[in-house]
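J.: Using the sequences plus the hints, can you model the full thing?
Line by line, the protein sequences are chains A and B. At position 187 of the first sequence (counting the first as 1) the number is 427 in the numbering used here, and the numbers step up by one without a gap. At position 101 of the second sequence (counting the first as 1) the number is 341 in the numbering used here, and the numbers step up by one without a gap.
Fair warning: there could be bad hints in the mix.
Copies of the same chain look alike in the list, so a pair counts if it fits in one copy or across any two.
[To be verified] List time: in silico DMTMM-like cross-link candidates among lysine to aspartate or glutamate, alpha-carbon distance up to 25 Å:
1) K430 to E339
2) K271 to E358
3) K430 to E408
4) K271 to E457
5) K430 to E358
6) K430 to D273
7) K271 to D373
8) K271 to E401
9) K271 to E339
10) K271 to E328
Because the hints were derived from the structure by calculation, they are not lab data.
2 protein chains.
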Amino acid sequence: MNAPDWGRIPRPIVEQASIIRTRPGQTLANKVDGDEAVYVVRSGALMQSLTLTHALRQITAIFHPGTMVRTASAPSSLARIVAVRAGEILRLRWPVFSELMESNTEICRYFCRVTALEDALKAIHMAALGRFDTQQRVATYLVELAMRSGVRNTAGNPVCEMPLSRAEMADYLGLNADTLSRTMSGLRAKGLIRHEDRNRTVVCQFDALAALTPAAEALTTLLG
Amino acid sequence: MNAPDWGRIPRPIVEQASIIRTRPGQTLANKVDGDEAVYVVRSGALMQSLTLTHALRQITAIFHPGTMVRTASAPSSLARIVAVRAGEILRLRWPVFSELMESNTEICRYFCRVTALEDALKAIHMAALGRFDTQQRVATYLVELAMRSGVRNTAGNPVCEMPLSRAEMADYLGLNADTLSRTMSGLRAKGLIRHEDRNRTVVCQFDALAALTPAAEALTTLLG
DNA sequence: CGTGTGCTTGATTGGAATCAACCTCCGTGG
DNA sequence: CCACGGAGGTTGATTCCAATCAAGCACACG
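T.: Written out as structure tokens, the structure is:
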């Protein structure tokens, strides 16, 4: 739980990419010179956001360092790739990346490995959206966050930067923001989590939290 | 809406694959000789099913002819690839497919194109799971089904084979089977759909049905 | 020091899940 | 031929969880 390294980014990608330093909330272009784009997260985080109507937004995935996303993986008229925090993002036009893949075995494998992990996490997230109640969804989110980006403090408990605001978390988890806030308060009242400061959360009882989500085992398999 | 052809399957894939004739409900192996597998749908349909507890199942995707799925795209201990109807499925071990991709540009592009479409549809499905009410989910499902596999009858209305049972549809849409049945009855009462027979549905008023789902526009973009 | 934004919390409502009964369509076997 | 039983589907009555609406709070900002 010490900010693991999800696969080093192959060097040719870094060499071919333009580097973008993101500010939180910054939207990354769906097209570059008319082409689809690929974004590789070096640091910080991205999210894919789908807006179907003004009041109906779903955040479909969060991308942590080492992972990547192509704009073609969502209907481009409705979806946006948004930076959730400051960080360094690599951008390539899809034709360039595609050619790299075709000519470079390492990159092809990197792409396949990363997308497989993302797909598997997405499958779990879909189960959460479709079948979990509120507390289970929140617990799942926190457990995943702790496993992906938690850093242990002196007491050995994972401390998580909270990349998403309450409203964004709600849109990720398919919940109402009020309900989400209530549920977080409930977990805090039970002593499972604690707010270090405005946007840092400490998971005080990881095992108890993991026990609240039916996906704990699956997440451990994928990220443990 | 006449059973479109979602991308011809590249010949080398067919040549390298073993062909499986599926019966409905048949589970396809997660591993072949210890390797991950790739399944390409030639006819019929597959679904990816994630079972977290005995009473908590989510069907995360449905695969129509021309599309493909690899077993690595879900946590293998909990997920299964299941045939939903009789059909012809191509199976390759992942290392074989991976090598084909690395050595054959056409296959690499085929893989990227197909997975991008699947990802985009999955994003819409996630929005449905997280944000749509019951009627919107059902309408979305029927519209997508009509666009992907509907065949126009003499009156010009799309007729759909229903690949999933009520319980499976419910697990796909994140709904209770009773509620789903009620909603289908509601659409039938309004004259939007009609049951041709046990597992064939006629969409009598496609535009009215499409008007019920916030995802109509997105689906048209992707499948239209 | 006011102002705005994000977060929390309470009171109320509504929509979907649950539980239970019944129906239809099968295949089976007497 | 009909009785039986089971699976899948439909429908009604009830319960309950989460969305909504509304108010209040904490904090950063100019």
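J.: If a hint holds in the structure, say so; if it doesn't, say that too.
T.: Hints, one by one, checked against the model:
1. K430 to E339: Answer is neither; intra-copy 53 Å and inter-copy 52 Å both fail.
2. K271 to E358: Both ways: K271 and E358 sit 22 Å apart in one copy and 20 Å across, limit 25 Å.
3. K430 to E408: Cα proximity of K430 and E408: one copy only (24 Å, versus 37 Å across).
4. K271 to E457: So K271 and E457 pass the 25 Å test across copies only (20 Å; inside, 38 Å).
5. K430 to E358: neither (32 Å within a copy, 40 Å between copies)
6. K430 to D273: Neither. Shortest intra-copy (52 Å) and inter-copy (47 Å) distances fail the 25 Å Cα cut-off.
7. K271 to D373: Neither way: K271 and D373 sit 37 Å apart in one copy and 32 Å across, limit 25 Å.
8. K271 to E401: neither (30 Å within a copy, 37 Å between copies)
9. K271 to E339: within (17 Å within a copy, 30 Å between copies)
10. K271 to E328: Intra 19 Å, inter 37 Å, cutoff 25 Å: intra-copy only.
Hints 1, 5, 6, 7, 8 from the earlier list are contradicted by this structure; the remaining hints agree with it.
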